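Residue numbers (my numbering), protein chains in the order written: chain A, 1 to 346; chain B, 1001 to 1275; chain C, 2001 to 2302.
Because the hints were derived from the structure by calculation, they are not lab data.
Treat the numbers as computed from the prediction; the structure is a model and nothing was measured.
Built from N, CA and C at the ideal position, the CB exists for glycine as well.
One should not assume that every hint holds.
What the hints assert, rightly or not - Under the rule of at most 25 Å between Cα atoms (straight-line distance), these lysine to any residue pairs were calculated in the SDA-like manner:
(1) A/Lys-240 <-> A/Phe-166
(2) A/Lys-263 <-> B/Ala-1039
(3) A/Lys-336 <-> C/Gly-2156
(4) A/Lys-40 <-> B/Ala-1039
(5) A/Lys-264 <-> B/Ser-1133
(6) A/Lys-40 <-> B/Thr-1214
(7) A/Lys-264 <-> A/Lys-240
Stated by the list, open to error - Footprint (simulated), chain C over chain A, 3 or more residues, beta carbon under 8 Å:
(8) 166-178
(9) 207-219
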Amino acid sequence: MIAQRRSIPMLAAALLLAALGPRAWAAEPLVVSTWGGNWKDTIERVVAKPFTQKTGIPVEFEVGGTLDRLAKARVAKGQPLVDITLTTSHVGRLYISDGLFQKLDMAKLPNARALHKEALRSDAHIGVWAYVYTIVYRTDQVKDEIARWADLWEAKYARKIGMPDFDPSHIITVSALLEGGNERDWQKGQERLKRLKPNIAAFFSTDAQSQDLMKTGEAPIQVMLSVNGFHLQEQGLPVKLVTPKDVGGIVGIDTMAVMTGTKKAEAAYQFINLALSQEIQEQLVQGLKAGPFHTKATVPAKLRGQPGIFTTPQEWKERGYIMDDEVRARTLPAWKEWFNATIVAK
Amino acid sequence: MSPGWSLGRRAGHLAVAGLVAFMTLPTLVVVAASFNASAILSFPPAGYSLRWYANALTYPQFQRAALNSLLVTTAAAVLALPLGTAAVLALERGRIPARGLWAAALLSPLLIPGVVSGLGLLILGAGLGILQSRWILIFAHVVMIVPFVIRSLWVSVANLDPDLERAAASLGAGPWRVFCRVTLPLLRPGVFAALLFAVIISLNEFVVSLFISTRVTEILPVAMFTYVVNYTDPTIAALSALFIAGTFASITLADRLLDMGSVFQIARAGGGTEV
Amino acid sequence: MAGRAAEALRAWGAAGPEEGRGMPVPAVCLAPALLVMAVFALALGALLRYSLFEFIPGSLRTGGITARNFRQLAAPQYLRAIWDTILLSLATTILTLLASYPVAYALARGRRGGLRSLLLVLTLAPFFTGAIVRTYAWILVLGNSGFLNTLLVRAGLRETPYQMLFTPQGVLVGLVHFSMPVMVLILGAGISHIDPTVERAAASLGANPIRTFLRVTLPLSLPGVISACVVVFAWTFSAFPTPELLGGGRVKMIANVVKDLALDSFNWPGGAAFAALALGTTFALVAGFARLIQRLQPAGHR
């Protein structure tokens, strides 16, 4: 009986402590918003770990899809739940127009001076790596070589192709380009894209789903992000990434930005500056198999020339197609609506 | 008995065996997959490895989520048990009007869809500004647990022999003493069943917690869901296997100690009302 | 107060054996639990209130009162989700009933204690391992390179994997598996309370097993069957983890729509409208069932 009486206040104390949470005794972490899976793991390993070693500030990650995180950020406006956001360059524009990113103090980012000019997407977000959306296919399940975007329309690939349903910009732009248009007059490619429908096996909403579809062979040919394709190769899947001969891969640029209203701006700048340094850029290239922005970052020989890994401005222009960010951000809703109604719907 | 019966019995046994196989198949597959050496699944596994177990046990987000689960479940059980016990005793023994109505209100969370409770608590929590603390999670779990506590205890309370309490009272024991020394010990099986339910329901609660968790406060099932959505390796298979092992152990233990059949009011075959 | 309670208790203790009730308990003991439920009711009220107000994209504040959230329910993709939910719930209930009855019967009538315990453990265990574990396990079983497809392809029964995941059929299998423990338990409790001598009497009068079942066991177990079916239907109607993970975004039930609207788009008013739909349906089902039971049972009959 007596033991019971004493244990109750102890229990109450434990509960109170629990409710306060680890915040009571740990340093405030820097929170980075990014994509999950392989992306988060690499940033954690390559950037966050050295950052914590240097500054003693722990780093935590808020993961989710591109547009989901935008929705969350909008709702938390003014009192951001994250300090740094990694997002695609064109979606970054949507953040900016909502006032969610603060203007970058370039004096605090000395490493930015050594970047290709393509990295400076705006005064509020800065490119950190690049890749392409291109054709990735399983060589053990698709016997013929696929060399061009136009090949995807061939009848023998019926119900074999997978593509993202969260962002149709790539395939819409490719269709338009093949018909002599571009992302601005994208309607030129609409009929052509409709003809691709019988070849589509599945749509994926996340990176993980896309990789699953490839692993199980349900969609052995995909319009896929080059980094994800390389990741599958690392895991032992026999896939090939194509640099299509007719139109290059659609270039994607991922950017970093500092949230308006963050209380850890100093730490945020340090983090971003570290990510833009030559050493870290080189490690990011090796870890993700993405293209660096640092002009002096060396790319290992076996990666040179691979899809998405560009090292000179010429390579960017010749082997990839860079869409206009503004047009892309502006037209994305219309693209999504048309795509969902015409291509995804049965 | 006619020969049709033995044939019928044989067929019945076969059907039951098949259905049990259906019920246990996923469990077996998960355990097999957890030992798969590579990230790409195949059956039978191409190689065997414990790396996914290592990954599951060392993944920081799982560790934090497991700690959260422990805290939330303990707090919720500690709060819900006395709350529920007091409520059952009051409803059964107290002179309370409209007893059926109150009982229905207390049991209602069982009926309410998880997404409804979750969104409602999210809206309320946002309004009160408490979404960043664990208390909203603890509250939600208490709400989920109380109906189970009440159901587990009701039969026990209804079956209490009033003479025992009366004897104690007539000997001069005060009400609190009667409660602690006579009533509670008699309720022990019911309380134990209630505790078991409370812990299991809370540890596995997912849907409501998904709505009101944050990255810092999320409990283990929510962390596992996030992982499944973002990764395609068998780490969750390993974690699942650990869950399954733990569950089997505790259910078997509970059955030994408690006769689970009676907890679920499945009377024994061969007559008798030993419920 | 303690003094008065002690007095009352002593008076009760001294009362004669005709006093049937146990030790009196102060009504105030009910208060804490009711308080908790009152706060919970507040939460539900907040949800219903939100469903009536306008959604402002990008913000958690709401605009003025509007019926738009409920009108949105009739949008094609949402109607589709509602219809799929109804169909899946019906199919799940029927299939679960067919699968659970034999197991429940074995549980209720099983003679050997050890086997009965084993059956109980095997039935309960999935129930207690949590939604994520169980649903993930089905991903492994049903996937294109999962257990079943590997078996089918190796046995030569199929050339390419049979698509089971991300289809309504796959979700159905998961839902049935999810509901079986509940139905087995409810049915088992019901069947076990049927007096076995009635069945034996029928058998001794020459009825074969099928006849006995159809004429004796089934009708007597009907209240349990109906009860279990209502529970499973209501539960499946609001199912979330199974269609979320096994449906892969292609099979959506009402609960998934609530989550999409509320957690992905932060459209709390829209999500609340759907949640209200799920809540209303569940209550209607339970109320309807209660009334049915009242009608079916003449007074005093148990």
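Outcome of the hint check:
no.	hint	in the structure
1	A/Lys-240 <-> A/Phe-166	holds, 23 Å
2	A/Lys-263 <-> B/Ala-1039	violated, 39 Å
3	A/Lys-336 <-> C/Gly-2156	violated, 42 Å
4	A/Lys-40 <-> B/Ala-1039	holds, 17 Å
5	A/Lys-264 <-> B/Ser-1133	holds, 21 Å
6	A/Lys-40 <-> B/Thr-1214	holds, 18 Å
7	A/Lys-264 <-> A/Lys-240	violated, 42 Å
8	166-178	violated (count 0)
9	207-219	holds (count 6)
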